[in-house]
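Peer 1: Here is what each chain is made of, one letter per residue.
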Amino acid sequence: MADAALPSTARSTPESRLRHVVRGTLAGWPARISLLILALALACALAPEWIAPRDGYAQDLALRLLPPAWSEKGVAGYWLGTDQLGRDTLSRIVEGTRITLLVSLFAVLVSGLAGVAAGLAAGFYGGKIDAVILRLIDIQLAFPLILLVIAVVAVVGPSLTNLVLVMGLSGWPRFARIVRGSVLTVRHLEFVDAARAIGASRGRVMALHILPNILSAIIVYASFEVARMILLEATLSFLGLGVQPPTPTWGGMISDGRKYLNQSWAVSLSPGIAIALVILAINIFGDALRDALDPQLDERL
Amino acid sequence: MSAPLLEARQLRRHFPVPGRLFRPSTQTVKAVDGVDLHVARSETLGLVGESGCGKSTLGRMLVRLDRPTAGELFFEGENIGDLDETALKPVRRKVQMVFQNPYASLNPRQTLGDTICEPLVVHRVGTPESRRKRALELLDIVGLQPEHYARYPHQLSGGQRQRIGIARALALEPRLIVCDEPVSALDVSIQSQILNLLTDLQGRFGLSYVFISHDLRVVEHIADRVAVMYLGRIVEEAPVATLFARPLHPYTQALISAIPLADPARPTPEVILEGGVPNPIDPPRGCHFHPRCPLAEDRCRVETPDLVGTQEHKVRCWVVNRELASSS
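Chains as they are written, first to last, in the numbering used here: chain A, 1 to 301; chain H, 1 to 328.
Calculated from the structure, these hints are not laboratory results. Small disclaimer: the values here were computed from a predicted structure and weren't measured. It is possible that part of the hints are untrue.
Over 12 Å on every C-beta distance to chain H, these chain A residues come out as not near it, computed from the model [what the hints assert, rightly or not]: (1) V22; (2) R32; (3) L40; (4) A117; (5) A121; (6) L136; (7) L211; (8) F224; (9) L241; (10) R258; (11) L293; (12) P295.
Partial list, computed: chain H residues near chain A (C-beta under 7 Å) [said to hold, decoys possible]: (13) V63; (14) L65; (15) R67.
Note that beta-carbon positions come from the ideal geometry of N, C-alpha and C, so glycine has one too.
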């Protein structure tokens, strides 16, 4: 008989599990560098006025389309050059971080919540519910997104909340598809039956037995979706349906600079590099997090 | 004899065969086609049959993972065949299941301690501290160590995992455990350990088992009574010693003579079945077994025999029952 003297290994408190996951995530260098980039982005989002070297809104038409500071015609102080209105590109990237990240992360959150819920329901319940949700997915995917956005913006106006909601709406079917597929592979495994045989409620089975086992697919997909949302926001801004000028966003800066590419490559490329770095960081970090959450990979060195 | 713990009357489970576009399904697979059986307290009923004969579907119905299409299922005198999930919850405390595949029956994201505690959490038994003590006690009962509490399933061998599956089934102190091929995925040396554990637990807690298997030697070892299934129906039912000493149904005879023995002097099996199991969507008329049966006569191809005989030994065969009747 096991008595009250419990060995230390017989403890799995939530704190130690959390610490374990954090340590596992940050075990590799790529994940640490990613975290650094994400922390920098977060700092820019929270306090752009302390980080930006200049005022991102100030125009100086005498200094239009400057190349970066290190090139021949560069001007010291304008590190990444200026745009067509003479605004400092670096400062605008820093200023634009907040809106860009806010919109893309919240849009992924909205579409992720809706999509995961729909996918879980479709995969778990099957039958009529599955058929209805699948048809909804098809309708949503078949409907031209731009048209939808134009309709919504025409009706309710171009506010940030609406933008997030509409972008979230565009993403949920993909999440739902992925989640539904994963649920179908997990649903018939014996441990799900075992949970039912115990008397666990459907909600408990979904939350504790199915969701944790499909989480890795969701995390990886969500990290891709963030990238897609940043670019989608750029598309919408380009059409005047997104964030309104002069508020800088990374996507908006790319589309603005596109017209002046033959005069200055830096205007478009710099925010593009910022997007690429952040997305890469999110993807690597998402990968590391997924591996750390999977107990089967614990033994790997 | 007191009322049986579990009794099934004419239990059926039919699955519709998916229809084509614009053509709704008209055919059904009769996976379980009118099964009567009963399990007494502290008794082990062995359920044997080939793959696809419906024994696992029957087992899933007995623990009400599946709802019977028709028929009645009584547990401790209560008809549980039609109960919904809420009404079933008290029954779930008393009827548990051990699954076939120990590699799929444990949630890979849960520690083994959480897995064993879960039945207690779901039924709101005890405090977190008392549940943990109970889980450690259960680990000890099934022959594992306390350090397994914080481990994950992938860190264990197949036999150890099956012990966890048994511990989970034991957590709520059930009366009946349905074991669906609990050892068929394990090495032979591990099989006997698990079988001995199940036998010990039965003596210790007065459990009843429904033991589903395709391995007759395993069933011979553990069961008190045996029911032989063929294509959704029970074809013979008898106490284990009787069944192995004097099998009546030609199918049972074929199964028993096909048990491999490590004895080169033993003659080749006297009964060898020809052909395969018929398509369950379109089973043969009359006795399901007649296309493969050495005794089949005209009546077998038309009429379905009933499972008849003494209280002890029942068999579903026209020929055998006629000969028994004429000899007595």
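Peer 1: None of the hints should be skipped; say for each whether it holds.
Peer 2: Consistency of the hints with the structure:
1. V22: Answer for A/V22: holds, closest chain H Cβ roughly 17 Å.
2. R32: holds (26 Å)
3. L40: Consistent with the label, A/L40 stays out of reach of chain H, its closest Cβ about 33 Å off (over 12 Å).
4. A117: holds (20 Å)
5. A121: holds (17 Å)
6. L136: The claim stands: A/L136 keeps its Cβ more than 12 Å from every Cβ of chain H (closest is about 21 Å).
7. L211: violated (9 Å)
8. F224: Non-interface label stands for A/F224: nearest chain H Cβ at 23 Å, farther than 12 Å.
9. L241: Per Cβ check, A/L241 is outside 12 Å of chain H; nearest 41 Å; holds.
10. R258: At about 46 Å from chain H, A/R258 clears the 12 Å cut-off, so the statement holds.
11. L293: violated (8 Å)
12. P295: violated (4 Å)
13. V63: holds (5 Å)
14. L65: Holds, because the Cβ-Cβ distance from H/L65 to chain A comes to roughly 6 Å (cut-off 7 Å).
15. R67: violated (12 Å)
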